[in-house]
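One line per chain: the protein sequences are B and W, in this order.
Under our numbering, the first residue of the first sequence is numbered 1, with each subsequent residue one higher.
Under our numbering, the first residue of the second sequence is numbered 1, with each subsequent residue one higher.
Derived by calculation from the structure, the hints in this document are not laboratory data.
The reader is advised that the hints may include incorrect statements.
Simulated restraints on C-beta separations [stated by the list, open to error]: (1) B:L115 x W:T78: 47 to 55 Å; (2) W:P85 x B:V187: 40 to 48 Å; (3) W:V148 x B:V83: 16 to 24 Å; (4) B:F23 x W:Y34: 42 to 50 Å; (5) B:A255 x W:A294: 33 to 41 Å.
Listed below are the simulated DSS-like cross-link pairs for lysine-lysine, each with C-alpha atoms no more than 27 Å apart in a straight line [to be verified]: (6) B:K172 x B:K161; (7) B:K177 x B:K161; (8) B:K45 x W:K216; (9) W:K216 x B:K161; (10) W:K216 x W:K71.
Beta carbons: idealized from backbone N, C-alpha and C, even for Gly.
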Amino acid sequence: MTNGIGRAAGALLTYSFLGLMAFLSVFPFFWMVLGATNSSIDIIKGRVLPGAALATNVGTFFAQVNAPLVFWNSAKIAILSTVLTLTVSSLAGYGFEIFRSRHRERLYRAMLLTLMIPFAALMIPLFIMMGQAGLINTHIAVVLPTIGSAFVVFYFRQCTKAFPSELRDAAKVDGLKEWQIFLFIYVPVMRSTYAAAFIIVFMTAWNNYLWPLIVLQSNETKTITLVISSLASAYYPDYGVVMVGTVLATLPTLAVFFFMQRQFVQGMLGSVK
Amino acid sequence: MVHARRGSIGRYYDVNGWLFVAPVLGLIGLFMIYPIFWSLWMSFQSGRGMMMKFVGFGNIVRLWNDPVFIKALTNTMTYFVVQVPIMILLALILASILNNPRLFGRGLFRTAIFLPCVTSLVAYSVLFKGMFATDGVVNSTLQAIGIVSSPIPWLTHPFWAKALVIIAITWRWTGYNMIFYLAALQNIDRSIYEVARIDGVPAWARFTHITIPLLKPVILFTTVISTIGTVQLFDEVYNLTEGRGGPSNATLTLSLYIYNLTFRFMPNFGYAATVSYVIVVLVALLAFFQFFAARERDK
């Protein structure tokens, strides 16, 4: 009987703890949506009820920010960066796994060491390089350094281990060239790997901040992340407007998460299985 | 016969192998390897903008006489030492609770706790800045429950500003670490836990004697990842403090200091590169130390 009470108390404790953690995790999202409906003063005063300022906030947001252009900039950078990253990384992951050689194995290990290079140590030379190439304030400059990613190569190599070698053998008997095997057999077979990698790389690019902050200097080239940051760092930020911006910037990733939760988590986990 | 053909197959494999990996190696070489050596070279020079002259170890001497650098280094280490253990432990506890298949509402809890991972670092920093405003929702709640009598000066007091940064990072990354542990726990045979439970091993002992030892490789992996992330902290501090790292540099990180040295003050690329190499060395040392510590405990 004491055992039963103990178990009930344990369960109560467990569920209270989980409930509190879940509440704390979700509350800021809830607060963000509420914030978009409240005036800046009410937000700062901690109001947690829906307000009547949604139309005003949205109106001010669209008056202050050239939203279509800003979202187009973000989307353009994210899509370009993702497509190029996935292309070169899947080629390399396939190459390292299928065509093994001692030299490449050494290079592969050396490449994984680049995972430890902090971006802060790259930004000054990269900035000077982009300046010399005349690419400052262009989206190309934002995309270029993001394409070569050891992490995504690692991910594709790990996933390639599950690629059935019989498929490759059969394709070779049929006389397909290496690039044809890759394009017509590997890519379609590995589509769920691509989907997971797409989500993560896209999200990283969409949310990227420091490098675009350095490179993009005019309002015409800025991304939504930069715009939110500058709206919020005004001397008297209009929090209602800021909340409208964060809701709009978070919606795409939130939607992807809810519709493709499995691939989302798989991509986050990378190849740690 | 096989022996005679090996040479040609080897060459065929090699050419194709190189063709497939060349684009990525070229990009990593141009945008990572070349710049990392360039900034090493820069760290031995000083001057304004592109007018630089060789100063040898002059920049390193300057580091030790630079109170702002010392402050940024101490802050960065504080974030790392305080935040990473809290987050890892919290994520481990959550993962071992959520690993129980009989738990009611398991999927819902898991999704909720993972949700912060979908926000951008800038978006959540901005949200936290609003929530932790002096009269904001956090302070008014704490006052209503009676935990504090007057509002906590989250953004204006050196101690509380640091605490806010730590709270914010923990909110954003605990669920991320948790899913690594959940994935690893799925590979552990549940009967181990059943046997331990029947033998009367209490929950906490099951956690410290079964879960943690079995998850050690994943814990090491996430610790290294979190270390690298925390030592490079930038977005959160920049957006919580309008780019200043205030109040009075209390939240300033190394990355933010480098940014300020390069793009806010009169640019001194050489000195900024030296500070950036402090991060390089820190990351390498901490990762090495963590691998070493894990191996020692193995023996």
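Agreement of K172 (chain B) and K161 (chain B) with the hint, judged by alpha carbon distance not exceeding 27 Å:
Since the Cα atoms of K172 (chain B) and K161 (chain B) sit roughly 19 Å apart, the hinted pair holds (cutoff 27 Å).
Honestly, do L115 (chain B) and T78 (chain W) meet the 47 to 55 Å range at C-beta?
Check failed, 25 Å falls outside 47 to 55 Å.
Beta-carbon spacing of A255 (chain B) to A294 (chain W) - inside the hinted bounds 33 to 41 Å or not:
holds (39 Å)
Check the following: the C-beta atoms of V148 (chain W) and V83 (chain B) are separated by a distance inside 16 to 24 Å.
violated (50 Å)
Going straight from one Cα to the other, do K216 (chain W) and K161 (chain B) come out at no more than 27 Å?
holds (24 Å)
Could you tell me whether the CB distance from P85 (chain W) to V187 (chain B) stays inside 40 to 48 Å?
Distance hint for P85 (chain W), V187 (chain B) holds at roughly 42 Å.
Sort out whether K161 (chain B) lies within 27 Å of K177 (chain B), counting only the CA atoms.
holds (21 Å)
If you check the beta carbons of F23 (chain B) and Y34 (chain W), does the distance land in 42 to 50 Å?
holds (48 Å)
Hinted pair K45 (chain B) and K216 (chain W), Cα distance within 27 Å:
Violated, because 45 Å separates the two Cα atoms, which is more than 27 Å.
Pair hint outcome, K216 (chain W) versus K71 (chain W) [Cα-Cα no greater than 27 Å]
This hinted pair is violated, its Cα atoms lying about 33 Å apart.
When the structure is compared with the earlier hints, violations turn up for hints 1, 3, 8 and 10 and for no others.
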